[in-house]
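K.L.:
Take these sequences, add in the hints, and give me the full structure.
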Amino acid sequence: MNEEFKVEIVNPEKSFLVKEDVLEAVVPAFEGEMGILKDHISIISFLKPGIIKIITKSGDENYYVEDGIVEFKNNNLSILTSSIFNLLELDKSKIQDLLKLAEEDLNKSEINDQAKYLVDQKIEVLKNLN
Numbered sequence: 185m186n187e188e189f190k191v192e193i194v195n196p197e198k199s200f201l202v203k204e205d206v207l208e209a210v211v212p213a214f215e216g217e218m219g220i221l222k223d224h225i226s227i228i229s230f231l232k233p234g235i236i237k238i239i240t241k242s243g244d245e246n247y248y249v250e251d252g253i254v255e256f257k258n259n260n261l262s263i264l265t266s267s268i269f270n271l272l273e274l275d276k277s278k279i280q281d282l283l284k285l286a287e288e289d290l291n292k293s294e295i296n297d298q299a300k301y302l303v304d305q306k307i308e309v310l311k312n313l314n
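No gaps in the numbering here: position 8 of the sequence shown is 192 in the working numbering, and each next residue is one more.
Calculated directly from the structure, the hints in this document are not laboratory data.
These figures come from a predicted structure and were not determined experimentally.
Where is the CB? At the ideal position from N, CA and C, for every residue including glycine.
Heads up, a few of these hints could be off.
[What the hints assert, rightly or not] Derived DEER-like restraints, expressed as beta-carbon distance ranges: (1) 284 <-> 225: 37 to 45 Å; (2) 230 <-> 285: 17 to 25 Å; (3) 187 <-> 277: 33 to 41 Å.
P.N.:
Below, the structure written as structure tokens:
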């Protein structure tokens, strides 16, 4: 029995990733980490900063994402995001740059509670990657 489904990740520049042989995807949804398997119920959710894990028979791929929308319908997972990085290509200096920007955002006086929550999430994930 085929347990695979399709994942497509799109950012403003291009179609970032298309995979047709995904066994499981784990996304950092606002509700918490969400594991998605073939025939999952249809969902739409917002992403918070975190790691997207794509699991295939040929191996796992991990991506750092800062925001976005995730939709799963008819065994197609679509992720729309403005900021995504393959963890294999994310070096220490880039992580430090992202961390510095997040800490600057946190120190802004006009930051609201929701934005503070998201920046705190971003800082926590980046520190764990570092």
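K.L.:
Which constraints among the numbered hints does this structure fail? Numbers only, ascending.
P.N.:
none
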